[in-house]
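Please build the complex by placing chains P, R and S on the supplied structure of chain H, with the hints as guidance.
Heads up: the protein sequence lines correspond to chains H, P, R and S, in order.
In terms of the working numbering, the first sequence opens at residue 1 and continues consecutively.
In terms of the working numbering, the second sequence opens at residue 1 and continues consecutively.
In terms of the working numbering, the third sequence opens at residue 1 and continues consecutively.
In terms of the working numbering, the fourth sequence opens at residue 1 and continues consecutively.
Hints may be right or wrong, so weigh each one.
The list cannot tell twin chains apart, which means a pair is met if one copy fits it or any two copies do.
[As the list claims (entries may be wrong)] Think about it this way: if two alpha-carbon atoms lie no more than 25 Å apart in a straight line, the pair counts; the simulated DSS-like pairs of lysine-lysine are:
| id | residue 1 | residue 2 |
| --- | --- | --- |
| 1 | K19 | K130 |
| 2 | K259 | K14 |
| 3 | K79 | K161 |
| 4 | K263 | K42 |
It should be emphasised that the hints constitute simulated quantities derived from the structure, not laboratory data.
Fair warning: this is a prediction, and the values are worked out from it, not measured in the lab.
Protein chains: 4
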Amino acid sequence: MIMKQTENETLTQKTKPVKVGNHLIGGDHFTLIAGPCSIENKEHFELTSKTVRSLGANLIRGGIWKLRTSADSFQGLGKDSFNFIRQTLKENNLSLVSEITDPRQIEEIHDFVDMFQIGSRNMHNYALLKEVGLTQKPVLIKRGFAALIDEWIKSTEYVRKGGNENVILCERGIRTFETATRNTLDLNAVVYVKNRTHLPVIVDPSHGIGIRSLVPQMAYAAAASGCDGLIIEVHPNPEKALSDGQQTLNFSEFEVLVKQLEKILDAIGRPLSKN
Amino acid sequence: MIMKQTENETLTQKTKPVKVGNHLIGGDHFTLIAGPCSIENKEHFELTSKTVRSLGANLIRGGIWKLRTSADSFQGLGKDSFNFIRQTLKENNLSLVSEITDPRQIEEIHDFVDMFQIGSRNMHNYALLKEVGLTQKPVLIKRGFAALIDEWIKSTEYVRKGGNENVILCERGIRTFETATRNTLDLNAVVYVKNRTHLPVIVDPSHGIGIRSLVPQMAYAAAASGCDGLIIEVHPNPEKALSDGQQTLNFSEFEVLVKQLEKILDAIGRPLSKN
Amino acid sequence: MIMKQTENETLTQKTKPVKVGNHLIGGDHFTLIAGPCSIENKEHFELTSKTVRSLGANLIRGGIWKLRTSADSFQGLGKDSFNFIRQTLKENNLSLVSEITDPRQIEEIHDFVDMFQIGSRNMHNYALLKEVGLTQKPVLIKRGFAALIDEWIKSTEYVRKGGNENVILCERGIRTFETATRNTLDLNAVVYVKNRTHLPVIVDPSHGIGIRSLVPQMAYAAAASGCDGLIIEVHPNPEKALSDGQQTLNFSEFEVLVKQLEKILDAIGRPLSKN
Amino acid sequence: MIMKQTENETLTQKTKPVKVGNHLIGGDHFTLIAGPCSIENKEHFELTSKTVRSLGANLIRGGIWKLRTSADSFQGLGKDSFNFIRQTLKENNLSLVSEITDPRQIEEIHDFVDMFQIGSRNMHNYALLKEVGLTQKPVLIKRGFAALIDEWIKSTEYVRKGGNENVILCERGIRTFETATRNTLDLNAVVYVKNRTHLPVIVDPSHGIGIRSLVPQMAYAAAASGCDGLIIEVHPNPEKALSDGQQTLNFSEFEVLVKQLEKILDAIGRPLSKN
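Okay, chain H solo, but in the shape it has when bound (with noise of 0.2 Å):
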């Protein structure tokens, strides 16, 4: 998968989308997955994911296990949510992006989620990524907060060695001296990872800058890199969100984000997939 090549040789890879639910990632359509950090509780979920899809969201991001630097911090719900998380995805027809953090869960949430999601943090958790490897459901690998380029991409053996070629990018940001913004979002990361391999690679701006006012300049800036989508975090409320809600958008912020974003991709020839 990692082509060697002088350093000025043009590639440009051609990407190979990755179908999660109906929908595909990485083909001539750009994706746009929006929801809560974490899934608070039924009304809080359903409100949200029904908001963000009819504003333009192909798929639902929403957390049932939070790692959190604090072991006093909220942690999700965990299996309390299972049950309204299925009955709310089947009576919208939405389709979930969920994070795992222990090899144990892959069985637990395996009937309703459609991608599950590796977070920075268990990158390198390479015991996880070997399981999640042994089922053909999509996996979004979220890039270490401090992993090379390089370490990213290798990261993904460890699931398609075990059969699922299922594998879709995530670059969320990179741990600097700076501390003004919360990460520093690496867009050279992206364009270079588009151009050298075949994965399809998305970009979540929230985490990215950590900064609510600042999120949607830079989900612009991503989607004119050549990313295949974006991967936001809104919640009704974000001032009363149970976890991150200082990057958090709301819906009339999402909204505004939407249609802008939408000239830009009108602009490079990638618009936003409406399915």
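The following block gives chains P, R and S in isolation, referenced to the frame of chain H:
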């Protein structure tokens, strides 16, 4: 200049444009600066300048003195080039941006350079910044490759304290753990600075990613992020350039870039400047 | 555990020692852990363990499962080695420190391993930390290669919340822009953590600098900084080691290191443990 | 000077000592440089210099011009201090190390300063390095806070090319993602440079960790790593220092440090210089 606020208050400072020659940076239009890394000889400089100007560049870049890691690398033409640069600019009605590396150079090139550039390695060279602050010539301050955004903004005070308010910032990539790309272009910083100060900010995607074939995608990303312009290295024959050839576009690559850039700029309502 | 204070108040927390096998880490004496990166076979493990023990090592290190960037690299012997490891430890009265990479491994090696090691890439794998927190086995938490000191300290809460207070930290170098050395050994972090918490802290100079001939000098520096012990990679024939050979000492290099180390430890009044 | 070799070949370059005043740096003995961050006035300078000298310092440090992030911070006494510095040094038979920040300062202080210091922010200021290369005065080049070891070594060529071989390096901490400490003191770099070049290398633990109470432990670690000396900030009353007070020792803290340092230096067979 640095306004204190809560992180998520939308601020969006109104940018105060700066006049460089007859051209305005930071106004309603987008600025394109292009030219060689180093000025190599009269023919090379004239050909490159006229070509990039005809293809859409507003201002010309070109190095007279080069800061090189090794004392044995090409250090620029220096004084020998003054006469032909002066003549080329005059005959073709061009405006030049060029780097100074020593306070004693200011007087030498003050008459024919339209904007002084402070390179990344000299952003913390406050003796130099103070000295350009005593002129009224516009100053382009490149971000130190390991400078905090806050230090970058504060460096402008050394210029402004002398009475020179004509300061423009340039993001050119920071040094991180990543080695696949020359630097990590930090578009977060562009969005952050534009939102919190009135300073025009341009982006250097050539140094920002350092790989020729990937420069255009980063130029588009930068434009969509909302910066005020781009500075791009162009050479008739990059393989033979005396410095930075691996990140320099040839004329046809530059032409393609300008065309795609214009589409994105039109989409975001900030067309490329025509003067 | 994390005491709030002004930066320059001298705090100097009293370290609470942790018992590993019959050995105390963090008490009046200094601890030396040594052994191969990976356990390669019975003869190799027995020879290495007995030799380092006779040269002054208190505890043996040795990997059963290895986290490797590439899925095609040697991944450790796994289950096949359990029997001969058990036998070797028993016959020679040795205590073993070994890394776990999956929560399901805890039960498998609980009976013969004296301290579980959490590797740098798993410091943020909180599912794994929670699980070792449910045992009473000592846990050595290596600092994530890009973990803030604060995150490193907080990671111990995931273990301690389960009731396991036997936590020891290990600084093993962080990822920075520097590429001449494998990592940047951060002795600042050792001094900082020792001063502000009661946790024993040991140092891994092998990974910390990653260049065999320079490991001893960094071992001496670490000892003088005030850490509670060292963990060092040793192999009968480092050039043929299945992993990390470039940073592994041979027996005679290790012998020289121990002699010089003892002089420094005597000078600072904290002699090498004899048990 | 930079010898190519395989990584694990033991090289151990023989250090070529440099004479500073009547003192030799890089020889059989260890050098201690101490004094205030900034020279604040005659009484302060005289008291501090005489005290640190009597407690064991071989050379005095003290800033005449300060590089500060903000243009509004104290910038040093400049010319006003020349006369009293000259007098103090002469009357007490002291040798001074002091930073220059502008090529035009060389001539001004050449007669009374025994070693020019190039600060971290000016390591890449090659115009300045070239200029000190035209003198025969010893030059202490602090590592740029984000300079690769290779760039640091190459920066010495700018001095040596002019004919000045009296170059000494100083590691003072690099900028990383860690924020608990002011910088990350990189002792790996000391060991690496000592092993591969003949240049004397000293260490600045004051800037290296930036927290007063932790400076001594890092001084001991540096000494044990094999460096040729230390440079330490000392002030009669650090809380009232005009710059860097948070990392500056008072006299009694310095006295304690020297005593413990001497024990470690004796253990490694390289006693503190007595001249």
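**Item:** Numbered hints the structure breaks, given as an ascending list
**Value:** 4
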